[in-house]
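S.K.: The task is simple: from the sequences and hints, build the whole structure.
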Amino acid sequence: MTTQPPKSRAWPGVRAAITAGDPALVADAVLALDEAGCREVARELPGHIGVARKAVAERDRRRGVWSDGEEWIEPMRVAGAGVLGGAAAVATWLYRRDFTRWRRPLDSGPLLRVIAARPPEWQADLAVRLALRLRGSRAQARDDSVPLALELLRRTGAVPPDHDPLTTAWVSQPPPALEHDPLAEHLVPRLFEAEGVGRQLRQDNVEPPSWDSGRRTWLGALREAVAAGRFAPEPLVDGCIRRFLRGGSATDLRFFARLHEMLAPAPSQERNRDYLRLLPAAPGPVAELALRHLRGAGGLSGEEVNDAVSALLFRPEGKLVRAGLSLLDQAARDAAGDLDDLAPALASAFLCESYEVRERTVRLAVKHAGRFTPAGAGAVREAASVLPAELAARLSEAYGVVATEPEAPDDFESAPLPPFEPLAREPFPPALDDLTAAYNRVGDGITFERWLDGFVRDPSKRPRPGRGRIYERRQWSDLSEWTEALLREAANPGEEPPIPEPERAPEYARHIIGVRTAEGDMEADFGRLPAELRESIAAGLTEQGIPLGNLERFKEGPPLEAEILGVSIMSSGHWRRRDEEEDTPRDRLPDPRHVSPPHYAMLLRCAEVHAALKAGTLPPYLLATPTLTSGHLDPAELVARLEGYERAGVQALPADLGQALLRLPREVDPEVADRAGKLTSQAGATLARWLADRPEAELRVDWSHAGGDYTHDRQQGGHSPRLHPRIRIEPTGLALIDALLSDPRPWPNEDDGRYMDSWRLTLPSDREAVAMHFLPHLLNTWDRPGYFYEYVAALFSQDGPAGEAMALLIAVQLTEQGMFAWPERGRGLLMGAAAAGCLSAVECGRQLGLSLRRDVTKMSRIRPALEECARQGAHRHVWEIMTGLLPVYLPGPDERPYSGHTQALTFAIDAARWAGAHGPVPAVAEVAARKGSSGFVRTARALHEQLLGGQGQAATEARA
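In terms of the working numbering, the sequence shown opens at residue 1 and continues consecutively.
One or more hints might be untrue.
What the hints assert, rightly or not - Listed next, the in silico DSS-like pairs over lysine-lysine satisfying Cα-Cα at most 27 Å (straight line): (1) Lys367 with Lys319; (2) Lys614 with Lys461; (3) Lys931 with Lys367; (4) Lys931 with Lys319.
To be verified - The following label-pair restraints were derived from C-beta to C-beta distances: (5) Met522 with Leu548: 19 to 25 Å; (6) Asp757 with Phe412: 33 to 39 Å; (7) Ser354 with Glu195: 35 to 41 Å; (8) Leu417 with Pro823: 15 to 21 Å; (9) Glu185 with Thr92: 27 to 33 Å; (10) Pro174 with Lys54: 33 to 39 Å; (11) Glu750 with Ser354: 50 to 56 Å; (12) Asp713 with Glu523: 50 to 56 Å; (13) Asn492 with Ile569: 49 to 55 Å; (14) Ser354 with Leu417: 34 to 40 Å.
No lab work stands behind these hints: they were computed from the structure.
All C-beta atoms, glycine included, are put in the ideal place defined by N, C-alpha and C.
M.R.: This is how it looks when you write it as structure tokens:
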């Protein structure tokens, strides 16, 4: 009989501790194992990962609770750390992907306890391996990899590996007492070399914030360590300078700059060369620090002063540029002998782009002129040849005549404006014959008019297109739906079924009953109110069309004991009140608020013809069919058509008549007007009144932003600008005219913008009104039609005055950039409008100024676009545009000028010269009269003097 060896109890005991979810129990079980037991547990652990995870999930399911399901992870890690053989295997086990967690373990004591049971060499090896695994990732920020690696390095005394993420991880933890931290002697010198330390400590300060005064800071800890003698300050200062010289952003170097200043290094001639190397390109705060210590060190040689001034004068920070000049002045005052060594520094300052710097340098040079030898003065005089003429003249008084460089000739050559080629105005083509073949190709306005004209002239039976699916839809927003309906009705009268009732959202309501008693107000259950009061409340709600909602089903309760003095009802939900009920339109027109007005006008004419067809009152022909492809209708032809109506006893269709009136030209032959006055029908009387006194709409464009409406042109811009086109006209009684001459919505709807290329045909004599309808689509380039610019350009061939809307369409598209914008298109619009004589240049400039103030465009885009237009022949128009732009765009006395304002004035100088402009611009004169000598004010003075005829000195100063 064979005897089986006794079964080991090592793995079951450890497994039970893991299942209990207690890392301390697992540590006890592991530490009690012998070598054989460790090997057994090590074999079983990998296969138990899935089992442990499922066990926790099943436990939570049985309990009906939700947890992060991570309780099994730490016991498994402790078990592996205690039984796996090599340090490499343990390091891999502790941070395998299966153990990824969202939070750190609450207690690392059991893990450290099993690791501490290993030999010291093994622990040191593990500490180094864990340190080298650090990567600064988000996952490591959530787990215990950083504190565990640092703790093991401290416990074992192992030398930390030279690993940048380790140093960064060390400073990511709360600072220890550095004088007692064994890692400090190794890691503090690495602070200046490791990448990521500066960014990690960018918010660190010497003292903690007042609201967290008990927190330790790294700068504070370093200060204490230096005070305790653990670290000498000089190596730390040298480390900061080395870090500055390596470069980096101001954010990355902020901590080291604070550390450098906290250490307060003594003035040192040896460090001057390093500080000088920082001046040209170091971030502003570091450059200021270096300059401060250079000044503190004193005793700078002439060569060092030259290097410092040359570096500072070409920095973008005005503060450092001024500091460079102050340094130059101080060096000149401190020098004992002649100042010839400073001549190169003056030459560098003369080359600075800033006029203020050049002017101050000239004053400085004149102040110390007597201390230069003839050779030094000659060097200064030669370097001054790059100065503007007026500054060179001031310097000549002290140094002799300065030969300035001749001003570069203006390469502008005026060109004639290219001729305008308008769209052809040809006789309108005849009506279509094959209506069935073209019913779904009426998106083009000319084809649409030809189709509708052909149908009205011959509404006889034709083959029916489609399958009648249009009758399933409540509204018809597409022209082809109406043309199909007309063909089907003509072929089979009465085929159209009743119009489906509009779908309405379900109604619901919830009511809260409040009662007022002598004891106060309270909420009451409906079932506790007296029956007659309940009936009264229900009757009142029903009368108003409000659903009873939760009051329909209620539970009777004990009556209220207190006397009810009053009742209030708070209702919420969705319903339609009886007083809001409207007669449902019995046509298939969409809501006018959901389509663009020109689109609605085309649909309205279709609906009118459709209704007349069904009623048997279709006229023999239409009044509004154009006589020219521009959409215009000859007034004599319209009179003749109405005369034919009167002879046949036909009533004009209202929408057709309205469209016909809008297509008349603005100037009519008096003989035609006399003929119209002899018409006897109501439509004839309407035509006569229109010809005698054509109504003019009041048009304007308002702007708004996310915070409200703009109230004046110079109001500061806000985000999310929006246009609000306004069209005001006295009601005419003709629905089509009132629809077309009404306010477009400021934001386009889903069906807005359809048939846009045909809109000009609906208002051929009112292009500004058509432009108003374009405006809701202007600022949203993503939803704008791809040929939008062509639709705008087509308005140049139409009639009517051009105003704000036309100017704004051109202004915005002139400077558009992006995926759906081409600069040549915007320039083409401006050139086309100028050639066509419909460019309101001053208004276009005003709209550009508004676009600048309201962050729609930038001056850096406007200048090259206008310059290119000027070179193509629109130079006079460009100057007029600038006279409209400057009054809106230039900052008022209480506003701060920016570089864009100076750019605008500088370009205006060129534009005025190209156009030969004279005469003051009040907005420019106001700026020129201000005190000060900033580039903005000087450029305004130059433009003002140029316009008054005094070009010369002021104009030259501005171009400098």
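S.K.: Hint numbers the structure violates, sorted upward?
M.R.: Nothing - there is no hint that the structure violates, so all of them hold.
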